[in-house]
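Number of protein chains: 4
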Amino acid sequence: MNSLPHSFDIPTLGPCIHPSPGLQKEWGMADGHWVADDQRILLDDQVRNGRVNPTAVPNEHSVELAGPRRQIFFHPSATTLAVVTCGGICPGLNDVIRNIVMHGHYGYGVHRILGLRYGFESLNPAFRHRPMELCPRSVDKIHHGGGSILGTSRGQQDPVVMVDRLHALGVQVLFVVGGDGSQKAALLLHQEISRRGLSIGVVGIPKTIDNDLLFMDQSFGYLSACGEALRTLTVAHAEARGGRNGVGLVKLMGRDSGFIACSAALASGEVNFVLIPEVPFALDGERGLLRAVEARVLERGHAVIAVAEGAGQHLIPLSNPSHDASGNVRYGDIGAFLKQKISAHFASRSLELNLKYIDPSYELRGGIATAEDRIFCLQLSRHAVHAAMAGKTGLVVARWHQRFVHLPMPVVASGRRKVDVEGDLWRCVLESTGQPARMD
Amino acid sequence: MNSLPHSFDIPTLGPCIHPSPGLQKEWGMADGHWVADDQRILLDDQVRNGRVNPTAVPNEHSVELAGPRRQIFFHPSATTLAVVTCGGICPGLNDVIRNIVMHGHYGYGVHRILGLRYGFESLNPAFRHRPMELCPRSVDKIHHGGGSILGTSRGQQDPVVMVDRLHALGVQVLFVVGGDGSQKAALLLHQEISRRGLSIGVVGIPKTIDNDLLFMDQSFGYLSACGEALRTLTVAHAEARGGRNGVGLVKLMGRDSGFIACSAALASGEVNFVLIPEVPFALDGERGLLRAVEARVLERGHAVIAVAEGAGQHLIPLSNPSHDASGNVRYGDIGAFLKQKISAHFASRSLELNLKYIDPSYELRGGIATAEDRIFCLQLSRHAVHAAMAGKTGLVVARWHQRFVHLPMPVVASGRRKVDVEGDLWRCVLESTGQPARMD
Amino acid sequence: MNSLPHSFDIPTLGPCIHPSPGLQKEWGMADGHWVADDQRILLDDQVRNGRVNPTAVPNEHSVELAGPRRQIFFHPSATTLAVVTCGGICPGLNDVIRNIVMHGHYGYGVHRILGLRYGFESLNPAFRHRPMELCPRSVDKIHHGGGSILGTSRGQQDPVVMVDRLHALGVQVLFVVGGDGSQKAALLLHQEISRRGLSIGVVGIPKTIDNDLLFMDQSFGYLSACGEALRTLTVAHAEARGGRNGVGLVKLMGRDSGFIACSAALASGEVNFVLIPEVPFALDGERGLLRAVEARVLERGHAVIAVAEGAGQHLIPLSNPSHDASGNVRYGDIGAFLKQKISAHFASRSLELNLKYIDPSYELRGGIATAEDRIFCLQLSRHAVHAAMAGKTGLVVARWHQRFVHLPMPVVASGRRKVDVEGDLWRCVLESTGQPARMD
Amino acid sequence: MNSLPHSFDIPTLGPCIHPSPGLQKEWGMADGHWVADDQRILLDDQVRNGRVNPTAVPNEHSVELAGPRRQIFFHPSATTLAVVTCGGICPGLNDVIRNIVMHGHYGYGVHRILGLRYGFESLNPAFRHRPMELCPRSVDKIHHGGGSILGTSRGQQDPVVMVDRLHALGVQVLFVVGGDGSQKAALLLHQEISRRGLSIGVVGIPKTIDNDLLFMDQSFGYLSACGEALRTLTVAHAEARGGRNGVGLVKLMGRDSGFIACSAALASGEVNFVLIPEVPFALDGERGLLRAVEARVLERGHAVIAVAEGAGQHLIPLSNPSHDASGNVRYGDIGAFLKQKISAHFASRSLELNLKYIDPSYELRGGIATAEDRIFCLQLSRHAVHAAMAGKTGLVVARWHQRFVHLPMPVVASGRRKVDVEGDLWRCVLESTGQPARMD
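Chains as they are written, first to last, in numbering that gives the first Met the number 0: chain A, 0 to 439; chain B, 0 to 439; chain C, 0 to 439; chain D, 0 to 439.
Where hints are given, some of them may not hold.
[To be verified] Under the rule of at most 30 Å between Cα atoms (straight-line distance), these lysine-lysine pairs were calculated in the DSSO-like manner:
#, chain 1, residue 1, chain 2, residue 2
1, A, K338, B, K140
2, C, K417, B, K338
3, C, K340, C, K417
4, A, K338, D, K340
5, C, K340, A, K140
6, B, K338, A, K140
7, A, K340, D, K338
8, D, K417, A, K338
9, C, K338, D, K140
10, B, K417, B, K340
11, C, K140, D, K183
12, C, K340, B, K183
13, C, K417, B, K340
14, D, K140, B, K140
Hint data in this document are derived by calculation from the structure and do not stem from the laboratory.
Please take these sequences and the hints and turn them into a complete structure.
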């Protein structure tokens, strides 16, 4: 966990003057149902030398619990919610859309919910995307399909234009489902709204298949993607064992963080080398990857390698770096690069090689959510609606140490989470694969 | 979380005088790889009124982190490990067996690992069960099948007899994979070993498909079971919609705790009533279940009910209570009971009813582990081997707030975890199903 | 195959005077696309003593190929199609509904397609079920869910009433998705229509999860059900191996025919006894089932039994036989009966027994179709629409020896197909399970 | 179906003088269990103008049924079986290996069964591959993993060397699991054996994931591959709908025949263009593919294209054709080619395009078999063992019109099956996708 000088206070649009609809039901919720704003949990619960961290300024060291508030800010019947999905698709997007609608409609009685098409483009009138009217009936079955029924796009639009558009559409709350880049854009939007003094909430739902957002146990879609990656690794193992000196090489998503590669390899139990951006490695030399792969193949007849897309970028000569529409640097293709290097190495040793290279990225992105992820998406959506109706804004909902919390947008937008090379996940990878702790 | 008069100190068999094999490898583990005994995390990280709980006696409020120790107690080449699986089967048992073998063999160089057949019977010579010799080759593919390759049984055996048998078999560490009852038995075994001053470790791996052990985020097999329960609920929904006034009634495991019923219902999004042991309900009367089901069916044409096996036991007249071999009270069959009561109610109203009752218990128990559970089983097994080799004993490995820790056996054996009816899980159930918060 | 004095001629409503819309497209279908009415295949293609069966009266020995006709009877834009689903649910029902709509709409330009609710009740005004208007958009995703979006019911209604209702609704073609009982009812309906001289087609799509209709390679949903049954048998095997003297007993659908039990057992490779209605067996005695199960368990430690629901009915004492709404005799519960008998047998031998009895019937019925079944449903639906638009009536579409054909309704309604105990399927069961060829 | 100058007689090694072990069991097989050599079925069962094909020389028009023979050629206890897997991996290979062992061992009492490593290399001593001894225990669980536990290789070895090696290993029957190339090699081997007058049987089990062997309903692995291809098409559809003007382009296996592309597209119901080797198409021009894709995208917002790897080869400029180890011409990459062409076309029209190109070939090859395919593999293996034990040789087992038969190797090696562009499969593709019947 990074040590950060962040404030963990959550902005609000104003006082909560309406009783939550849950209070009004005939067989209403019990007192214990409601969560108070001063219920918080520590960010850092580690005990060192018999002591926890100082607790003098707790709001910098703790974070607000998510959940239904007894009093809310918006009057449901006069409220319009809108949801937008940004960046690449990942399993669970339709679950999130569906549950925002279900919870807004049945939980609060909000009857106008807009689905904005193709990411932030939807808030730039130049693109002429018409919003979809969403209701329980229209979203009932959407989670049986992958992707996003709203479509997505990469990149930002001018916050001034977007606020104008939200205002024109009569939107009170915008749910932004997206990664760190999209949450940065959502933060600019929130700031422009604040500047104008408008009562429009902006609530983020963190979406990154790479599982690389800060202060979160995990992101939705990640576990589903790991399950799919496991399928591919199983296939790669079958291919590797199918031919003499077989090598199965699988490139998995993970631009800056190797979470999918690590977790899928652990689930598989058949991976021999996990290569991630956080751990540099050499190709050549006595301790380099090529010798290690050769040794493994000669000893055991085959090998399986899981490489995160962002691993080993220092090894790939790039003529002229470019960027994608989200502003990410385009990476060199480490999979194709390793395929070429391993092939050349075996050829130089006059060794047969049967290398199969698989890149299952679209299969990881485009599938549907597992049971676990469906619950997770439901919880994120539900807590996002609770936060929104209570007038909270400029926040992202997330799970931290098994509880759902509100994180300020600047915290989430401030960086990306990495695999801790001195943490338990990477330890488990080293111990399970048996790969050298250092290959440099 | 219960408030706790427990000690969270972990007993040890003696000083750790051997360097861990991981230190000896040519390309050995980095310094940060090793976990020290004083690395702990808080049990309770909640902040109330800007304060955490007092930290004066931290070992009663914190718990030791699991992980590889730099120095270990047992000399691997002279060590015999044994593993026993107790109670009902659940997804992941073979993963746990496999990973204990893999990690003991490859991680530490232990070459004698015994698989004990049919639970604690294996340690009573009267049963004449011969242990299996386990090695990486023999366990390589076992996780592709459900159940336990060792077989299981319920119930305890005399600790004196069992210690004699462990001694006769030359076992240094026994891994006990089982629920709270089995961990109680393991505790008695540990105490008998201590009484005799023997250097035999007893390390528990918590197994309960009901997810009802104390101080744990979850237990292995639970998520896999929820995935399977989701399948059944989906079928029940198809059946419910297939006939006029259709009702799908599904009984799910959960003797004292309704975790599976709650989680599977949330994953489904198609369940209208979740009935769990923690929340009493009435059948009859204005606010009772029968009227609520009738109202739902008349309004929407169908209903789906998920009932945990331990729910509503107060409603079922039992002539003479009995116990199973594990000492659990045999419960009345709430599923069959509700089927009869709902049928009678609809008949009394002259309403057609198409009720389908499904009990998928064996399907939940007997399947294989999902990707997520496979990783979880790997982590538990690996941490159990680390703890065992470091001479720790009388403990259970578990995950708490996302990190793996060592729990003293008495803590785990002291009770069962319940769904907190004022916690976020039950809140989410109420909000998602729309069922009345009280049906009594 | 039964030897039958049936006519295999297909009735028609009149001459086909309209060119098929496929001819009118700018880039229209090639000449070879169209199927002529005199394209037929033999019913019996066996060669014995170098000779095929006499071919003098070929229409009694051959069957008409299904497929698009160049000229059609109905003018699409003035045609209303209706579809009704009858009997129990099974995988693929929604695929059939979806594809009738898709093919009627896109293939022929039919724009009024009605979905009739809850089986033949829909055609009896007393039930007041309103038809659903179906279109490509409304059915686009329905195959992702099991069951039937239309609902089903068992039993018949008065043909006179039903024809009145079809007429009142303006229906030109009724598609009846149902088993032999429903096809019998459809035949009565067709006969009443003929009696009145109305131009209303009745086209059957055979539906029986038991795979027991005559003159068909298979029925839709059957393969999907076998896949689900395989899952259950795998679980039963895990349970059987989980305890000492473990027996996994699984009851599978199959009232009169043991196809599912046979096929699922073959797919499993872990079943030791397959019991089907076609093969009587004794319980007691030297060659009876009980001794055989005991011998297997003593020798190998466990056993798995797959029993079709209609097997061994002669063994079960029934006080007073009753019938279900479809007119089927209610069977005694062979699963519960065997559980009791095996338990008593082992007890009488003082042998421990761990028997787990699983009845997964709803899981087999309520799931979704596999890829193979989805294609099969598509083909059946498409051929049903082709036949209907060409004015063919009183027929059922089916696949025979790998080609799709038109079967006259009386043929399909005349009996049920059985597992041939001298055929390849049962041979394969005997050889694969190793069970005694006779247990009587 | 090709018209045929073939003989369909099956060679034999000599008279069958041993009673089948199935006759000797205490509770032996009934008379009807056994199949006689003169039980045959017609190859062509079509009726045209009320007549079947002439039946004067039935053995050229009919084919021998597979099944257990009452008398066999080999004495089981003195027989050694061997199995070799050739060419690319596909789902079901391990099922076939397993069932040959199970059926040889339990069905006939053969106790020496060899698994030959890495295809025909195993029969060339230069490669120094040692055979594996296979027994029921060692193969019990292998079907839970994909690929072949024996490994495979492409290409042939000298028949003279191979016969020497078979002789040296004491093999009486070699089972060759492979495609048309491998069956050609098996035929040469059989001919060399015949030339030497040796009593060694060679029995082929046809393996082609492309489903392109002659005179067969299907090949094993094909249905499983279609199921996996369906998954990919579903993902491609999610991607296509995820972005504006989204196109999902999926390349599926099928060098000379488009069966997988056709069937997977039908299972999906979401594919708009199916491109196969049997149907040439133009890119440019009024009726070309590019305009058709553009029209579809502009009208509906997205499109999904399934292209078989062998489709459109005439369009791809190849500088210098090469061959793989099996002697197949290496094809140009139609997927990458179409991606480039479609992108250029949309760019030339100043249209945004979000094209995702997926090549799931390894996922199709490396998975495990579905329930249906597991039964199919069992049947093929069992019939291969029956044929082999009866001394039949130079044959391939296959299913024709739903029954298992013996095909002479020259027939299978004589060509490849194509999608009939005037047959029902392609008709169904045209009608379901709505793609133009001609794009040239």
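Cross-check of the supplied hints:
Restraint check for A:K338 and B:K140: satisfied, since their Cα atoms lie roughly 28 Å apart, inside the 30 Å limit. In summary, the hint linking C:K417 to B:K338 is not supported, as the alpha carbons are separated by about 34 Å, beyond the 30 Å threshold. The suggested pairing of C:K340 with C:K417 holds, with an alpha-carbon distance near 27 Å, which does not exceed 30 Å. About 27 Å separates the Cα atoms of A:K338 and D:K340, which keeps this hinted pair within 30 Å; it holds.
Distance hint between C:K340 and A:K140 is unfulfilled; the C-alpha atoms sit about 46 Å from each other, more than 30 Å. At most 30 Å may separate the alpha-carbon atoms for a hinted pair to count; B:K338 and A:K140 meet this at roughly 28 Å. Between the alpha carbons of A:K340 and D:K338 the distance comes to roughly 27 Å, so the proposed pair stays at or under 30 Å and holds. A threshold of 30 Å between alpha carbons decides the hint, and for D:K417 with A:K338 the separation of about 34 Å lies outside it, so the pair is violated.
At most 30 Å may separate the alpha-carbon atoms for a hinted pair to count; C:K338 and D:K140 meet this at roughly 28 Å. Among the hinted pairs, B:K417 with B:K340 is consistent with the structure: their alpha-carbon atoms are about 27 Å apart, no more than 30 Å. The hinted pair formed by C:K140 and D:K183 fails the criterion: a straight-line CA distance of about 46 Å is larger than 30 Å. For the hint pairing C:K340 with B:K183, the CA-to-CA distance comes to about 36 Å; that exceeds 30 Å, so the pair is violated.
Between C:K417 and B:K340 the CA atoms are separated by roughly 39 Å; this puts the pair beyond 30 Å, and the hint is violated. Taken as a hint, the D:K140 and B:K140 pair is honoured in the structure, with Cα atoms around 7 Å apart against an allowance of 30 Å.
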